[in-house]
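Colleague: Here's the letter readout for the chains.
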Amino acid sequence: MTMFEPQIMCFLCKWCTSAAADAAGTSRMHYAPNNVNLRVMCSSRIDPQHILYAFKEGADGVFIGGCHPGDCHYVEGNYKTLRRVTLFKKILQDLGIDPKRLRLEWISAAEGKKYAETMDEFASQIQALGPLQLKEKALAREVVKDE
Amino acid sequence: MTAKKTDKKDKKDKRIGLFVCHCGVNIAGVVDVEKVAETMKDYPGVSFSANYVYMCSDPGQQMIIDTIKEKHLDGIIVAACSPTLHEKTFQEAARLAGLNPYQIEIANIREQDSWVHTDKAKATKKAVKIVKSHVAKALQNESLEPVKVDVNRRALIIGGGVSGLQAALDIADHGYEVILVEKNPSIGGKMIQLSETFPTLDCSQCILTPKMVEVSRHPRIKLLTYHEVDSVSGFVGNFKVKIRKKPRYVDETLCNLCGECEKVCPQVVSDEFNMGLAFRKAIYMPFPQAIPGTYTLDAEHCLGLTPVRCGKCKDVCDKKAIDYDMKETIIEEEVGAVVVATGYDLYTMQAIGEYGGEKYEDVINGLEFERILSASGPTGGVIRRPSDGQVPKSIVFVQCTGSRDTEKHNPYCSKICCMYTAKHAMMYRHRVPDGQATVFYIDVRTGGKAFDEFYQRTIEEDRVLYIRGKVSKIFKEGDKLIVWGVDTLTGKKVEVEADMVVLAMAMVKADGVMDLLKKLKIATDIHGFLAEAHPKLRPVESLNAGFYLAGCAHGPKDIPEAVAQASAAAAKVGDLFAQKELSHDPTIVPVNDELCSGCGICISMCPYSARSLDLERGVAVVNEILCEGCGACAAACPCGAAQQRNQTDSQIYSMLTAMLGE
Amino acid sequence: MKLHYYPGCTLKEKTTALDLSTREAMKRLDIELVEPADWTCCGAEYPLTEEKIVGLAAPIRVLRQVHQEGGDVVVTTCSFCYAVLKRANKAMQDDPLKHKRINAYLRDDIKIDPLTKERTTGFEDYNGEVKVLHLLEYLRDAVGYPKVKSRLKRDLKGLSIAPYYGCRLLRPHEEMGVDEPDEPRIFEEFLGAIGCTAVDYPFKQECCGSYLSVSLPAAATEASYRILRSARMNGARAVAVTCPLCFYNMDHRQDAIKEAFLDFPGLPVLFFSQVLAWALGVDKEVLGLAEHTVPVDDLFIENRAAEERT
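Residue numbers (our numbering), protein chains in the order written: chain Z, 95 to 241; chain X, 5 to 666; chain P, 31 to 340.
Hint data in this document are derived by calculation from the structure and do not stem from the laboratory.
Hints may contain errors.
Simulated pairs of lysine to aspartate or glutamate, DMTMM-like, Cα-Cα distance not exceeding 20 Å [as the list claims (entries may be wrong)]: (1) X/250 - X/329; (2) X/363 - P/252; (3) X/497 - P/62; (4) X/477 - P/230; (5) X/133 - Z/99; (6) X/474 - P/167; (7) X/412 - P/230; (8) Z/108 - X/589; (9) X/249 - X/338; (10) X/126 - Z/211; (11) X/484 - P/230; (12) X/496 - P/230; (13) X/129 - Z/165; (14) X/480 - P/213; (15) X/363 - P/204; (16) X/412 - P/213; (17) X/363 - P/167; (18) X/480 - P/68; (19) X/480 - P/236; (20) X/480 - P/252; (21) Z/207 - Z/170; (22) P/32 - P/236; (23) X/187 - X/358; (24) X/124 - Z/165; (25) Z/108 - X/338; (26) X/484 - P/204; (27) X/474 - P/212; (28) X/194 - X/177; (29) X/540 - Z/170; (30) X/129 - X/38; (31) X/477 - P/252; (32) X/412 - P/252; (33) Z/150 - X/653; (34) X/412 - P/167; (35) X/18 - X/36.
Under 8 Å between C-beta atoms, here's a sample of chain Z residues computed to sit facing chain X [as the list claims (entries may be wrong)]: (36) 176; (37) 221; (38) 224.
From the three backbone atoms N, C-alpha and C, an ideal C-beta is built for every residue, glycine too.
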């Protein structure tokens, strides 16, 4: 019985969600190892093109983590991210990519537990959606066997 | 910074060094660190790859320093704990080796890998991906120097009330020059209009005038009264200010306050200092202790200056101080910091028609009552009502008028009204012992030092009647004012006959202040009060660097708080001025002129107003000191002309490929 | 010209003075008031509850009838009817649920002609097409005070009248929108236009007691007393009302008021339409003065001003 292991690309804002991820680590909260993180100064740094590129390069799901509305270190960056992601989800749909593969979540530096739980939850959601297979190379995906 | 600056090398030639830390068993217990180091040895761009048990230890750091020198590395990656812990440690080590600190990358394989995963194989695979992404980034990192700018150690303070005066004195005592601009003919603000101040019942003028005198005599304070700020340009440490000097028509250096001009002036005007309860002449002194001590000619109410229709004041002026030919002039100053202390005004009684403030003379606001209480006021300190001068035998005080009202008026609490109403009621009872004082309240908020004890005195000793309920209507019947309210504690409607009603009107933003704040381009909240950088941790600074806030311009507060905040703002200004030069993180978002189309989208993205449009060249321009490097503009730029230093789109794409590719 | 007019039931039973004087006054302005066929009671407040919206069927039927007869405006003089009709109308315009439900009820309405017994059914939806106006509004906006002034036949100079707005005419402001509830001018301007002096007094919008005159008469007595007293204190010769219930409380129950409050000598209460009709030259006989409890004859004497001077 082989299971598809999703690859999740996570863009985390330095001040909140990345700090939450660190907090989850400090408290040794375990979660599935499907994600790889890219730390940005603010979630508003993320361009929809980055998201598309991540899908293209093999991500089955993309996660963006920012500060709660009102708490953005740069005042209003997260509102910009919210607008962009909301609009972009519609475009994803038109491109044939299930918008559920893109998730925007507000996680503050104190919410390590929320971060861990969200990673697990998102990974299993993407697992249920199946692989995206947007890579230009051969589509045969190697499934992970238990070592 | 004395780091050796490396020229931007072509990716292909850059030599990156990788140091993978065991962190004891913290990382090595889950991630096979040796395997990671081994795997990365032949990765394109990596010229050196090693692992060590504790990279942050002295030997670990020494290893980095030696390796950089021996292997001629252009950049390094330390795969270890979160950068929040040791980024500076390794940057410093690199600097000692002559490497620019911005060529250091920290790959977090502990908090975000070994500590959260249990499957060793997967954790190791992930660690490799993480390291690869940092290599991709490192290959395109530029060496950067923090941006430096001079600081002009002069401060501008807008507003000469108690907050402005306190800030001016503190900054000047620090040894810096201060320019204090006040739009009225005298400093003193609202505090100088007050009679007694709570909770000590100090005479307000007695405690404020010494500060006013000190400011006027201070060698480092340039006092500009009857001036207004016209424009502020520039940025923190380097502001250029234009200040408009309004013509007083009286030379303050010559005027000796003899008062002869006032006697002969035919124009009688409502006296704003006495809140319209008295009159003044067109040529006037706002109040006896005014500073500067000089008369001012109010051109708006003078019979005419061009041509001169009257001229009586000039005729009787021995000192020849009156000059009808004075004109408005613009002064230019350069400062490094601006403290905004523009104060407040009271909500207009006109907005609450049902209370009859506009209709009935004897329904007044708190400041009017202060003038009635004041020994130097229109009634000489005897409490008389405005309509007929009778001593009122019953006064109703209404708290929360226009405050705490989410439907029609202001939703916030004006903070000082509970205390000053108690004070007013107390003063009334002291002076009219057979008078009845009734207070309608929603809550009584007396949280400051000795405040509650003061309020309890009002009830227990001075027998002021407090009724918990709002007032619905105030109207006149014959000679009396009828106040309709409710006593929520008994559940009954209440009707009180009063000779006078004092409304504790809400504190609102100062009249006309929005025009000024737009010129300064500093943020306000939805009520027009200045917005602080952080409500808890940065209460006296604006998000706009170089602007500081003090007093009621920031929000309703009492005198002790206003003074404390003013001193805090002065201390922050001191922080700024104490720096030899301003240094700013260089990971900002510059503009690539060649790619920029001048569309202007990035300008609206910036919360710090760091970007502007150069209309001549048709490109955007960024102020490197103001830019905080959030990257919002970079994501919005349709041409790719805004690229964040050391986190360009190209770097991000390379990182994504490195992490997600196989 | 013909104008649709909704009198309301009370004007046909208890306070015919208001109906009569309104008709006569409007005749003098060349307006023939036409009642919509087969009109019913407006519902008097109950249609405006939030729970049982079926009550809205009553006023909406009236408005639909006006619309079907080709009218796009209906005027009324009773403040209660005015409030109900106007707010019901607005509900049809603004609230999709009410619009759907009420039209569903009314669609199946069957009209039987009382004489021919002919049945009409299949009515179209009503969407709030008719404008509901109080006569005061109509006079101000459609007729215009200049025209009213040009038709005045009697000089009412010196007649000080206290306008009583009551509670229904101006509130809730968002739905009624007649005038500013805090500082209304419409009634004062009307009085000024017909030559009277409008008296300002603080009780012009305080409740007269309304239906409490049935359930708690003492409360209504006191409420009405305070209004009348205040009007009198401020120099009013009479109070002008626009609602049959206010009239009832302040006029018919004035004996009870005098009994409870011995200091009150009495004050005449009039309908605004009676003063309008009188000013426009209508005969005293057709003003419905017989319905008044408090004598008002001495207000309606020719050359009153001259009389009072002597």
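Colleague: Going through the numbered hints above, which ones does this structure break? Give me the numbers in ascending order.
Modeller: 2, 3, 6, 7, 12, 13, 15, 17, 18, 21, 22, 23, 24, 25, 26, 28, 32, 34, 35, 36, 37 and 38
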